[in-house]
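**Student:** If you read the sequences in order, they're chains A and B. By this note's numbering, the letter at position 175 of the first sequence is numbered 175, and the numbering carries on one by one without gaps. By this note's numbering, the letter at position 272 of the second sequence is numbered 272, and the numbering carries on one by one without gaps.
Honestly, the hints are just simulated from the structure, not real lab data. Heads up, a few of these hints could be off.
[Stated by the list, open to error] Per the computed footprint, the stretches of chain A lying under chain B, defined by three or more beta-carbons under 8 Å from a beta-carbon of chain B, are:
{"#": "1", "segment": "32-44"}
{"#": "2", "segment": "113-119"}
{"#": "3", "segment": "214-220"}
{"#": "4", "segment": "264-271"}
[Stated by the list, open to error] Among the chain B residues that face chain A by a calculated CB cut under 7 Å, a handful are:
{"#": "5", "residue": "89"}
{"#": "6", "residue": "104"}
{"#": "7", "residue": "106"}
{"#": "8", "residue": "108"}
{"#": "9", "residue": "117"}
{"#": "10", "residue": "124"}
{"#": "11", "residue": "137"}
{"#": "12", "residue": "141"}
{"#": "13", "residue": "160"}
Every residue, glycine too, gets a C-beta built ideally from N, C-alpha and C.
2 protein chains.
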Amino acid sequence: MQFKDSLANFNISFTQQVQDLFDQQPESVSPKLLSAMRYSVENGGKRIRPYLMALIAETIGVNSDKILPAALALECIHSYSLVHDDLPAMDDDSLRRGKPTCHIQFDEATAILAGDALQALAFSLISNADISDNVKVYWTQCLAKHSGYLGMCGGQSLDLIAENEQVDLAQLEKIHSLKTGALLKCAANMACAAKPELKLSTYQKFDRFTALIGLAFQIQDDILDVVSTTELLGKPQGSDEKLAKSTYPSLLGLEGAKQKAQQVYQSALEQLAEVPYNTDSLAAFAEFIINRKY
Amino acid sequence: MQFKDSLANFNISFTQQVQDLFDQQPESVSPKLLSAMRYSVENGGKRIRPYLMALIAETIGVNSDKILPAALALECIHSYSLVHDDLPAMDDDSLRRGKPTCHIQFDEATAILAGDALQALAFSLISNADISDNVKVYWTQCLAKHSGYLGMCGGQSLDLIAENEQVDLAQLEKIHSLKTGALLKCAANMACAAKPELKLSTYQKFDRFTALIGLAFQIQDDILDVVSTTELLGKPQGSDEKLAKSTYPSLLGLEGAKQKAQQVYQSALEQLAEVPYNTDSLAAFAEFIINRKY
Chain A
1 MQFKDSLANF NISFTQQVQD LFDQQPESVS PKLLSAMRYS VENGGKRIRP YLMALIAETI
61 GVNSDKILPA ALALECIHSY SLVHDDLPAM DDDSLRRGKP TCHIQFDEAT AILAGDALQA
121 LAFSLISNAD ISDNVKVYWT QCLAKHSGYL GMCGGQSLDL IAENEQVDLA QLEKIHSLKT
181 GALLKCAANM ACAAKPELKL STYQKFDRFT ALIGLAFQIQ DDILDVVSTT ELLGKPQGSD
241 EKLAKSTYPS LLGLEGAKQK AQQVYQSALE QLAEVPYNTD SLAAFAEFII NRKY
Chain B
1 MQFKDSLANF NISFTQQVQD LFDQQPESVS PKLLSAMRYS VENGGKRIRP YLMALIAETI
61 GVNSDKILPA ALALECIHSY SLVHDDLPAM DDDSLRRGKP TCHIQFDEAT AILAGDALQA
121 LAFSLISNAD ISDNVKVYWT QCLAKHSGYL GMCGGQSLDL IAENEQVDLA QLEKIHSLKT
181 GALLKCAANM ACAAKPELKL STYQKFDRFT ALIGLAFQIQ DDILDVVSTT ELLGKPQGSD
241 EKLAKSTYPS LLGLEGAKQK AQQVYQSALE QLAEVPYNTD SLAAFAEFII NRKY
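Next up, chain A with everything else stripped away, as it sits in the complex:
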């Protein structure tokens, strides 16, 4: 099966799991808040993070059911970050994946609360998973670290500060390794943790692989913001330039950014080469990241 087809299939079954998750929540508490939470996770994009987690699990021989709570939790975290990111005080976006953003569809206060409640739901999911306490604790540590001040939130803060400022390549890389890379690393780490007997060196290779994939993803994102269309992206094309953001193309030129993306992609493949499992699906994943058009 082509990579795009298996990603699309995964997307369908994962989105069904998201629907099941929200069907299980009691409506009676606050139907409006629950709708806003559901809306934000169901309006999923490519489901890159849970898919990466599933691929790594499959690669090392962990049943995908076992890591499902962690995958759902990660997607709740990612979704909440987008809801808050889209708020007027932050990126002020009215469109996300071609649909009204949460605060447009509902209201700002509900969007803030929906994000907050999605974060709590993430930790609820992993702490109630059908897996050993040991793994649950590791998952909680991992998700809290990579999503909080030391990860995603820290990166978003730096990203906001960097608007209208010229940042250098090192700072840009730091921003993205926190803002985007942290959750991808978290996906890899959580999948590996479901197999406690995994070799530490393999864990480290996957960690490094996803850090590089995260960087490649961001460079490609910056490139697409220049060369793609609003229709393909599902969000306004050219928004980085509008916000006067430093990007890989603005710092390296478009060709330089493309070269950099290729270099990072090659380094990611080198990490995989040293893993003692069949990593074809992960190599295809890396290729998709670097060649995607949307």
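Given chain A's structure and the hints, the job is docking chain B onto it.
**Tutor:** For chain B alone, kept in the frame of chain A given last:
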């Protein structure tokens, strides 16, 4: 020692623990975000939740050091909820405990992120505590449940919907049991969980005691909003009326609300009477809640 003095002493030592916690975070990620997080937790109020947790721990013979990570986590959650609650899209408050609210002191985007990162920090703290995995998992489940959709966030959503609407007493009680009661119950439950050999019946009495205390707290809050002063409260007096909120005084009259508070207080004391420990300090806590002037 008088109750007020021990609460004040606790406040000083707990605030020191908060300072130590933030001193341990690396500044290098995003100094601005870290400052906003720190500002929001250091600008503490009465520290009711961690104090309640400490009192219950002491009552059942659990060392206070053992529950410190849970107490700090709970205070991070409470603080983040205030930061987000104060935002223009929510209560739009510029003053909190006599000081500028987080989004006034910093900016709105930073306040949103600081709240988000404080929630993650809370889960990081409990998952890294020096206690058995079993207890950490329970703490995570408990905190996620009581702070999320099924607890605090759900209650805040209902509270927002109830603005400018007439709600009945049952709905008002539901709102407050979620919005305020849930975190107090969480304080009790987390303290109890640190002693796995505790009788379930005692756990349940403390759970019920704190639910009642939470209700009494809220009724007294509503009463103070009518009879106290902005200076004593550290926030604008009369803000409920301004927002056309249904409150206990608006539904029951001021005298009716005072009677209701007394009834709830007596029920709370009845719960304590059945606990096989010396509960004098918890009775004093309940009395403080009901008689406080600020």
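**Student:** Taking the hints in turn, state whether each one holds.
**Tutor:** Going through the hints against the structure:
1. For the segment 32-44 of chain A, the proposed coverage by chain B is satisfied: 4 residues have a C-beta within less than 8 Å of a C-beta in that chain, meeting the threshold of three.
2. With 5 residues having a Cβ less than 8 Å from any Cβ of chain B, the segment 113-119 of chain A passes the three-residue criterion, so the hint holds.
3. Counting residues of the segment 214-220 of chain A whose C-beta sits closer than 8 Å to any C-beta of chain B gives 0, which falls short of three, so the coverage hint is violated.
4. With 0 residues having a Cβ less than 8 Å from any Cβ of chain B, the segment 264-271 of chain A misses the three-residue criterion, and the hint is violated.
5. Taking 7 Å as the C-beta contact cut-off toward chain A, the hint placing residue 89(B) at the interface holds, the least distance being around 4 Å.
6. Among the interface hints, the one on residue 104(B) is violated; its C-beta lies about 13 Å from the nearest C-beta in chain A, farther than the 7 Å criterion.
7. The closest approach between the C-beta of residue 106(B) and any C-beta of chain A is roughly 10 Å, which is over the 7 Å cut-off, so the hint fails.
8. This hint holds: residue 108(B) has a C-beta 3 Å from the nearest C-beta of chain A, less than the 7 Å allowed.
9. A hinted interface residue such as residue 117(B) counts as satisfied when its beta carbon comes closer than 7 Å to some beta carbon of chain A; here the least separation is about 4 Å, so the hint holds.
10. Because the closest C-beta pair between residue 124(B) and chain A is about 4 Å apart, less than 7 Å, the hint holds.
11. At a threshold of 7 Å, the smallest CB-CB gap from residue 137(B) to chain A is about 5 Å, leaving the interface hint in force.
12. For residue 141(B), the suggested interface contact is upheld, since its CB lies about 4 Å from the closest CB of chain A, less than 7 Å.
13. Residue-level restraint check for residue 160(B) holds (minimum Cβ-Cβ distance to chain A is 5 Å; threshold 7 Å).
In the structure shown, a violation is registered for the earlier hints numbered 3, 4, 6 and 7, in ascending order.
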